[in-house]
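> What follows is the residue order along each chain.
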Amino acid sequence: MIGTLKSIPRVALYEGEGSRPIAGPVRAELTRLLLEKGYAVSSIRPGGQVAPATSGVLLVLGEFLEQKPLEAVAETDAVKVLFRDIAALDVPKIMGLVESLCGTTPLPKPGGWKPWFPVIDFGRCTNCMQCLSFCLFDVYGVSTEGKIQVQHENHCKTDCPACSRVCPEVAILFPKYRSGPINGDEINSEDLRRESMKVDISSLLGGDIYQALRDRSDKAKSRFSKERDEDRALKERQRCLTKLQEQLEIPPEVLASLPSLDQIQAKAVQAKQRAADALGMNSAQLT
Amino acid sequence: MPRIVYCHCAYAQVVPKAVKEEVLRRLVESGVAFDAVADLCEMSAKRDPMMKQLSQEGSVKIAACYPRAVKWLFSAADAPLPLAGAEVVNMRVETADRVIDAVLGEGFKQTESA
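In order, the protein sequence lines correspond to chains A and B.
Using the working numbering, the final residue of the first sequence is 287, and nothing's skipped along the way.
Using the working numbering, the final residue of the second sequence is 114, and nothing's skipped along the way.
Derived by calculation from the structure, the hints in this document are not laboratory data.
Do not rely on the hints blindly, as some may be mistaken.
Here are the simulated lysine-lysine pairs, BS3-like style, with alpha carbons at most 25 Å apart [as the list claims (entries may be wrong)]:
1) B/Lys-17 - A/Lys-147
2) B/Lys-52 - A/Lys-37
3) B/Lys-17 - A/Lys-267
4) A/Lys-37 - A/Lys-93
5) B/Lys-52 - A/Lys-80
A short list of chain A residues far from chain B (calculated; beta carbon distances all over 12 Å) [as the list claims (entries may be wrong)]:
6) Gly-47
7) Ser-133
8) Asn-154
9) Pro-168
We put the CB at the ideal spot given by N, CA and C, even for glycine.
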């Protein structure tokens, strides 16, 4: 999980009873800018319904017919409700007001984390723990009930969907991925066949994908300085590895940042042990 | 009328910009109440308590991306969508017209003609 259980600041554009409508262009521009700054926006209109506010900061902006208190007394201490009249303000001034009252939101910066992480489709997941065994970055963990779960989303390597490629059930999604079924699109029989082939390729390599990929990376780095003949088997293995890297879609920067072979081996042993422990615990509970 | 939730997918460009901006523009002009969030993925990763507020309290229509992704994003945030009464409309593949028709539906037509 990233950060703490705290709501992002929420701004309500109030146009309900006791207020004048906000001018259309102001409403449109304000909504778009607030969303692009990372705030949640609730557009409150007569007779309509929005999600209740039960935590965090709720800043209510409107053109009120009667003066509102600057801060309302909420039913619980978990939510802080502020009111501000925006009748005399233009959009830049309103945005300044929002930032001064709610603070800025943690927008992604170049090189920073963006919301890229695996999401498990528990309608398909069989709790086989292959993702736990595969991931070297401790993204996955096991719940106290012995169930696989995503525990460290921010450890995930941006744009790397490799764990979804080794999942035999196509149960791992990356919603921001470009194509299906990894992006959450429906799964068809061709997807299932393709996924099963990829698992087979990993088996052909002895199941140690990381060592194989690292070997390949090292060989690529040294191939200009140490040109040498390779036997057919090795060439075949290289072709297999290239195909594997392409099929797992591991970005080159992730491949380049893989830990050392010793670290990989240690992590793989740990991950496999955690997976085995979880599977063992689940088996014991069944018997 | 069901509550409406719109996701701006602000942290990536996977939803076509023209579609999401047109959907947002028409929601804003519709006169209908709705909740808009910057990015459901980010909220899910943070287990934002607002996910629970968005998923509870009756039926809801969500303009976002693939329904399977949205369903499990909510689930990952311990805020499962109701089995009945939650409809996800996919802005990655649908046109803005179809998204608006699906989200605002008959309620919107009544409002327009009133």
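> Indicate, hint by hint, whether the structure satisfies it.
Okay, the hints, checked on the actual structure:
1. Proximity of B/Lys-17 to A/Lys-147 is assessed by CA-CA distance (about 37 Å); at most 25 Å being required, the pair is judged violated.
2. Proposed proximity of B/Lys-52 and A/Lys-37 is supported: the alpha carbons are some 22 Å apart, at most 25 Å.
3. Proposed proximity of B/Lys-17 and A/Lys-267 is contradicted: the alpha carbons are some 41 Å apart, above 25 Å.
4. Distance hint between A/Lys-37 and A/Lys-93 is fulfilled; the C-alpha atoms sit about 15 Å from each other, no more than 25 Å.
5. A threshold of 25 Å between alpha carbons decides the hint, and for B/Lys-52 with A/Lys-80 the separation of about 18 Å falls inside it, so the pair holds.
6. Chain B draws A/Gly-47 into its interface by the beta-carbon criterion, the shortest separation being 8 Å against a cut-off of 12 Å.
7. In this structure A/Ser-133 is separated from chain B by more than 12 Å, as the shortest Cβ-Cβ distance comes to about 21 Å.
8. Not every Cβ of chain B is farther than 12 Å from the Cβ of A/Asn-154; the closest lies at roughly 7 Å, contradicting the non-interface assignment.
9. The claim that A/Pro-168 lies off the interface holds: its Cβ sits roughly 18 Å from the closest Cβ of chain B, which is beyond the 12 Å cut-off.
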